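Engineer: Turn these sequences into a full structure, and let the hints guide you.
Each chain, written out:
2 protein chains.
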Amino acid sequence: MTNRQITLKKRPVGMPTPDDFEMATSPVPVPQDGQVLRRTLYLSLDPYMRGRMSDARSYAPPVSLSAVMVGHTVSEVVESRHPAFQPGDLVAGYDGWQEYACSAGQDIRKIDPSLPPTTAIGVLGMPGLTAYVGLVDIGQPKPGETVVVSAASGAVGSIVGQLAKIRDCRAVGIAGSTEKCRYAIDGLGFDACVNYKTDDLVAALRAACPAGIDVYFENVGGAVLAAALRLINRGARIPLCGMISEYNATNPPPGPNLRPILANRATVRGFIVSDHADRMGAFLQECAPLVRDGRLRYREDIVDGLEAAPRALIGLFEGRNFGKLIVRVSPEPGHRP
Amino acid sequence: MTNRQITLKKRPVGMPTPDDFEMATSPVPVPQDGQVLRRTLYLSLDPYMRGRMSDARSYAPPVSLSAVMVGHTVSEVVESRHPAFQPGDLVAGYDGWQEYACSAGQDIRKIDPSLPPTTAIGVLGMPGLTAYVGLVDIGQPKPGETVVVSAASGAVGSIVGQLAKIRDCRAVGIAGSTEKCRYAIDGLGFDACVNYKTDDLVAALRAACPAGIDVYFENVGGAVLAAALRLINRGARIPLCGMISEYNATNPPPGPNLRPILANRATVRGFIVSDHADRMGAFLQECAPLVRDGRLRYREDIVDGLEAAPRALIGLFEGRNFGKLIVRVSPEPGHRP
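If you read the sequences in order, they're chains A and B. So for the first sequence, my numbering puts the first residue at -3; every next one is plus one. So for the second sequence, my numbering puts the first residue at -3; every next one is plus one.
To spell it out: a stretch of chain B is covered by chain A in this simulated footprint if at least three of its residues, at any positions, have a beta carbon under 8 Å from a beta carbon of chain A; those stretches are:
1. 228 to 239
2. 242 to 254
3. 265 to 277
These are computed hints drawn from the structure, not numbers from a lab. All figures in this text were calculated on a predicted structure; none of them were measured in a lab. Yeah, the Cβ is synthetic: ideal placement off N, Cα and C, and Gly gets one too.
Structural biologist: As structure tokens, this is what we get:
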């Protein structure tokens, strides 16, 4: 039995291309005592992966050349020599871009079988925790304040806006198409959403935020960040979560002028979700019930087959996905032909 | 008796010129019941004054055209109809660019006559409190950490470095001449100081900060800020106090790329010292004894005569001053001819 894997063939210069990846095969591992073999059902594709493809200094080491690309996964246990796991169990892990993985079991956790399995890598996984930590812990929104989030229809942004609404804030999104803006308002309950591609961004944002911006949750960087800074209020908080618009730049572009940060006594704080794993319990306690009863909504953009992953990741940087981008690597147990 | 005053004649475009100011005269006010008339001895010149000359939106309202320029002052009480003040008392206030001022007494405070009066507008005044709040409250330096401060020989920077040393940090300055760097090291006890005009700034800063930067106290903005960001450590704190290099720009220049803030989970926080008046007590309690016994050193650049103020302020933006810039408006009582 073979394990198909996608490895990093070469480090991209600028935007990744399909040639930067390579499909490899290896034998499916045989679990040793204490180990768990699982089959990947779903692979999460996320912006941070661009950083792992590069050897520039960052917060995590790069993927080595010829190594399997990293990524969060939902899997089904195939064979277990670990007492805590049984064949058929659904688990979340960080198994990467491959069909099978095998390890000692500390790096997987069983997921709630009463919820759709993809939620474990989406709304109730890393992206959801990112939204929660960035908004709640760093943004510290107060009722009545205005919260603006970029990439508003995406995996993180969509949750930021909904959690802001739940905290009685005005939630304003920024997204890259009329359709995405429509979805943020009608599908997710945002108060307003600005299309950065067609609107005069500063004017549109000003109209959407008549009382200014108290929390700006940043996912994209570049011109969108510069526009938002022009509208921040005194004491504004700016959780810096991502800068996807810049991840493929071959040289770091200049940033926004920081005078508004000074004049408004604002705080910009960068954060990386993996530092905040201790908040997973509080996050799930609040958000799992909201997902179960439909009050916290999510949208997934699922592509089929491991071989589709490279082009789908490239599309993420072009804004082509609409919702949390996920690769269906193997069919779910109940849906096997 | 006439009161000479310098008023704002027109709003500067870019760097101020002497023509933006005008010398005016008015009668010396006669104190009414409860009021205090005082003669200005010293006027503090500070970078924030450029903001007050402009009508761009900022944290404080602009000086009106034809109004007296604002500024912190040390004065001698000439006539008092207020029970708390007697002729001869030395007081600190915000009387602006003029020889006499008169008001009800809430806006002046008596200063410690055992210390040089200029310290009340320098090392123990607003610049000192700025250094204290920015370093201690926002920078939160821990023993062994590296603290970098720009404009290191200036009113604020010189105190930041010395307070960092007192907290057992490595103190590294950035300044604009060999002489200023020499003074920071030999005169103030900094561990190192980099001349941003002649050194390869990133390389020199890297050499001066072998363990990276934990606290970067920002006074200047521009290229210096961009260089410092390249060397920050995980969890770095960046008190944003001033951006003097940009105050005369007619359009806001771009800022630094913020990827290092994200990757290092750093915090940038803008602050305005007037928000932190409640810290004056703690600041003086620590720092007044240090000034008295010579452990907290300061350097003043005193120019003579109110009429010298406009050119001296312009020189501040050109880095021509060396130490806290102060105008001697009238001779001290003990030094009268």
